[in-house]
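Engineer: Under the working numbering, the first residue of the sequence shown carries the number 1139, and numbering increases by one thereafter.
Ranges of calculated distance between the beta carbons of each label pair, as one might list FRET restraints: (1) P1146 with L1224: 52 to 62 Å; (2) D1161 with T1209: 30 to 40 Å; (3) L1210 with S1151: 37 to 47 Å; (4) F1223 with A1150: 44 to 54 Å; (5) S1175 with R1152: 21 to 31 Å; (6) S1151 with E1218: 39 to 49 Å; (7) A1221 with I1160: 39 to 49 Å; (8) V1204 with E1155: 13 to 23 Å.
These are calculated hints, taken from the structure and not from any lab test. Ideal Cβ positions, reconstructed from N, Cα and C, are used throughout, including at glycine.
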Amino acid sequence: MQFQIDIPDEIASRFSEHPGGIDRAALEALALEGLRSGRLTEHQARVMLGMATRHEMDGFLKSHQVFLADTLESVVRDSETAATFLRR
1139 MQFQIDIPDE IASRFSEHPG GIDRAALEAL ALEGLRSGRL TEHQARVMLG
1189 MATRHEMDGF LKSHQVFLAD TLESVVRDSE TAATFLRR
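Given these sequences and hints, build the entire structure.
Structural biologist: This is the structure in structure tokens:
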């Protein structure tokens, strides 16, 4: 889905140094707000931002000072992944 928002040029220019420009800044802000409000899961936000790995998403979240609590499901999944690698 694509949408358009109107922002005064003087405000939009403040985002000119953001990697990806104002479009990326708006997408990241929407994903972060979705996570904070509980409207998006971490996986949904990662897909929305086009990030391939949880590691990349973790770095993004930390750079924006967003620290999500681990769920039992994520801990079990991480444990299973670690066990798979240890068996190799």
